[in-house]
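2 protein chains.
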Amino acid sequence: MTDIAALKAALGDVKTEDNPAIVKQKSRDFFWYSPVLKRQLDHVTADLVVSPKSEAEVIHVLKTCFGLGVPVTPRGAGTGNYGQAMPLAGGVVLNLAEMNKVKAIKRGSVVAEAGAVLAKIDEETKPGGQELRLRPSTYHTATIGGFIAGGSGGIGSIRWGGLRNIGNVLGLRVVTMEENPRVLDLHGRDLMKVMHAYGTNGIITEVEMPLDASYDWVDVIVGFNDYMQAVRFADQIANEDGLVFKEISTVAAPAPHDYFLRHKKFLKPEHSVALLMVAPHAIEPLMTLAGEARAKVLFRSDTASAEERKGLPPLFELTWNHTTLRGLRVDPTITYLQVLYPFPDHVAKVETMTRIFGDEVPGHLEFQRFDGKVCCSGLPIVRFTTEERLDEIVRIHEENGCPIFNPHRYTLEEGGMKRTDAVQLAFKREADPKGLLNPGKMIAWENPDYDWKSDKVYLFPGLQAAE
Amino acid sequence: MTDIAALKAALGDVKTEDNPAIVKQKSRDFFWYSPVLKRQLDHVTADLVVSPKSEAEVIHVLKTCFGLGVPVTPRGAGTGNYGQAMPLAGGVVLNLAEMNKVKAIKRGSVVAEAGAVLAKIDEETKPGGQELRLRPSTYHTATIGGFIAGGSGGIGSIRWGGLRNIGNVLGLRVVTMEENPRVLDLHGRDLMKVMHAYGTNGIITEVEMPLDASYDWVDVIVGFNDYMQAVRFADQIANEDGLVFKEISTVAAPAPHDYFLRHKKFLKPEHSVALLMVAPHAIEPLMTLAGEARAKVLFRSDTASAEERKGLPPLFELTWNHTTLRGLRVDPTITYLQVLYPFPDHVAKVETMTRIFGDEVPGHLEFQRFDGKVCCSGLPIVRFTTEERLDEIVRIHEENGCPIFNPHRYTLEEGGMKRTDAVQLAFKREADPKGLLNPGKMIAWENPDYDWKSDKVYLFPGLQAAE
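Protein chains in written order, with my numbering: chain L, 195 to 661; chain H, 195 to 661.
For the record, the hints were derived by calculation from the structure and aren't laboratory data.
Among the clues, some could well be false.
Given that identical chains are not distinguished, each listed pair holds provided it fits within a single copy or across any two copies.
Said to hold, decoys possible - Derived BS3-like pairs (lysine-lysine); straight-line CA-CA distance at most 27 Å: (1) 300 to 314; (2) 567 to 543; (3) 218 to 247; (4) 297 to 320.
None of these values were measured; they are calculated from a predicted model.
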């Protein structure tokens with residue numbers, strides 16, 4: 195149990211918050227998307243929220259908590275949905291949102307503090323004709339540090355692949371949790387030590403990210419009466435090398451009409467859709483292709499009237515995890531999965547899954563580049579019945595060659611590659627020798643003897659008990 | 195035989211040139227790359243060079259020549275090497291180089307007159323952070339109209355595919371050759387009517403081209419002692435979605451050392467190389483990958499001293515047809531081919547051809563996107579012996595699944611897909627009813643009964659006789 199008074203005293207001038215309601219709020223992310231995580235983690239809360247304003251303050255906090263043996267779980271904006279930012283063993287939530295300055299804009303890259311919100315970074319780079327390559331659908335609230343520590347790629351990945359791809363993150367400054375915390379400047383392959391590690395082995399304080407040409411993206415919705423036609427059209431245009439897209443997504447009927455409430459006026463229940471963000475100079479060729487595919491153009495932000503556009507969210511807030519979010523608002527009983535349909539059989543695999551599950555698992559695909567080729571991942575909606583059936587749906591996908599990145603697990607490994615990441619584990623030994631950073635998220639650290647072939651769900655023994 | 199005096203009189207104020215030496219010079223392109231075309235076309239010359247300064251003058255020239263029955267062959271800068279711009283039946287060479295204004299720069303596109311030199315267009319767009327996506331290695335001399343009428347893609351195609359891909363040309367203004375010439379604004383699929391048609395069915399006067407983010411591209415040469423290592427490295431980095439390249443090429447030893455005279459100080463005879471143009475913010479990740487591949491970094495323009503850089507041409511002037519050009523300057527007996535190594539077996543096919551031909555056909559690859567996938571085309575050097583052996587080399591490539599685009603033929607079809615382009619033929623019927631535009635280049639027009647299965651080389655009956 196953390197001695198909060200002693201901790202606050204030791205932290206000195208660093209801003210803290212111990213109001214239990216606020217602490218609980220800052221201890222949560224979008225874990226409740228998953229009925230499984232909701233059951234497991236709903237009670238989790240930190241003891242104290244600490245909000246450093248500088249790297250020096252981060253160092254001071256980590257040194258202090260190291261000395262007192264207090265766990266530290268870093269947080270950006272809490273927009274993850276794997277419980278990434280949830281302090282399973284209590285202690286400190288290290289809120290980095292107040293370290294949010296854009297420090298330098300160069301030709302092709304930007305340097306920002308970890309707590310900078312992605313949309314705010316773009317606000318500063320856009321006057322120079324540049325913007326971030328990749329963004330989550332929580333672009334308007336998520337922080338760049340949280341995106342790198344807990345995200346995968348999202349919007350923009352149709353052009354750039356994922357954050358994991360070399361070149362999509364250029365530099366990270368990381369503070370270690372030791373008696374005397376070190377500040378490391380990571381580049382090249384060393385970046386992989388801390389990327390998508392949920393802050394389990396270092397605190398990211400500053401990032402350098404590549405930039406691309408910025409455009410006033412045109413939101414386009416095209417509709418088909420058959421979902422596979424939408425999928426094939428999306429795959430076709432994604433392979434058109436002369437077109438520039440920021441986003442290509444498909445959602446099967448009736449989800450668009452049922453869940454996209456503000457866009458409902460453009461949609462019919464039978465419409466399966468492709469959701470597109472298109473550079474303005476690619477609109478005309480896209481319309482040529484849409485015509486050839488007999489797609490119905492249901493919405494174009496560049497030709498819609500002011501009246502039609504009124505109150506509409508940007509199209510990217512219908513995609514990725516926002517698709518699920520909008521579904522949950524209409525029907526709280528649904529949940530979702532994350533599926534990879536690997537190249538080159540991705541379209542055929544989507545067709546197989548669509549045939550097997552029908553309306554129990556309405557399709558939602560995100561097209562992206564993966565090692566140079568276009569393929570797609572899915573975030574299909576699941577009409578949830580039982581955890582057993584959910585596990586069965588996972589199994590059927592995997593038996594059909596569609597790996598699942600399970601969003602109903604809070605550990606790095608179970609939500610990811612289902613094996614030890616030796617690089618991240620080794621770096622944790624070095625950077626967090628007491629195991630105080632975001633405890634319970636890296637199985638390889640918590641239980642070196644864990645049986646990866648086991649079907650059992652990992653349960654962190656240090657998870658705080660529900661009251 | 196053209197009545198030059200009558201023609202000049204009818205042309206009025208339009209600028210003309212009839213000095214035979216200058217007319218002959220303006221009637222030639224880089225056809226002499228090919229020993230076959232050299233033999234066939236060396237004597238070809240127009241009667242008159244006409245240099246309009248406006249679209250109105252183009253209309254006047256075409257109307258006048260239509261009335262007099264004078265053939266018209268359009269010319270940009272004459273940098274093609276298929277004899278594209280050579281007036282096989284004499285008549286007028288329509289020199290468009292004096293119509294060279296950049297008319298509008300938008301976010302994502304530029305509008306320019308057909309005779310604008312590519313590098314000059316970029317000089318005007320770069321202050322706004324934009325540049326043309328695609329360029330030939332003759333960037334500093336070629337015109338945008340000539341590139342579209344006679345080129346395929348070139349530098350930039352590793353990112354954007356070819357000119358043929360929808361979105362890589364946005365608009366064309368075209369003047370027809372009729373009693374009353376029409377001006378057509380072509381968009382979408384209609385662009386295909388005149389793209390890569392050698393000006394046989396209309397005169398391009400104005401273009402709209404898409405732009406991309408401009409960078410101060412870093413020239414990089416990495417070396418390997420084994421050619422296939424260079425090929426595999428090029429293929430690997432071309433598939434890295436997070437890196438930004440303008441150019442990825444490979445050239446087999448000993449050609450780099452033997453032919454790249456100004457770069458010779460960086461090269462050894464045993465060096466097979468990858469030639470790269472890299473965005474500055476992609477250099478660090480590229481160096482990580484080069485290190486992992488144990489590539490020798492032989493040259494980097496961003497770290498070379500002023501002394502080392504002195505007198506060096508830009509790296510792109512070692513690539514595409516400039517590779518051959520530099521070879522020809524050292525050894526006039528060589529020639530070359532153009533080969534497609536289709537995805538997904540492109541690397542294996544390169545290996546097979548390398549094994550079969552060895553130093554008779556030293557490898558030269560250009561990596562590019564083709565319908566969404568990375569593959570490569572080759573412009574291998576051929577140590578020329580006889581036309582029969584050259585045809586045999588072509589045949590062996592094709593038998594091994596590597597189509598040849600034969601640069602030793604002056605017709606659209608023989609240098610291309612070896613079949614009628616029905617769209618271009620139909621448009622020629624409409625836009626050039628007398629068949630006066632660039633005669634002899636479209637077999638489908640000249641000889642509707644041509645046997646495409648025939649092994650015989652097409653010979654244009656109207657080709658002017660050698661004196």
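To see whether the hints hold, each was checked on the structure:
1. Taking CA atoms no more than 27 Å apart as the test, residue 300 paired with residue 314 passes in both settings, with 16 Å inside one copy and 25 Å between copies.
2. For the identical chains of this complex, residue 567 and residue 543 are neighbours both inside a copy (16 Å) and across copies (20 Å), given an alpha-carbon limit of 27 Å.
3. With identical chains, the CA atoms of residue 218 and residue 247 are at most 27 Å apart within one copy only, with a shortest distance of 21 Å there and 74 Å across copies.
4. In this assembly of identical chains, the alpha carbons of residue 297 and residue 320 lie at most 27 Å apart whether taken from the same copy (15 Å) or from different copies (25 Å).
When held up to the earlier numbered hints, the structure conflicts with none and fits them all.
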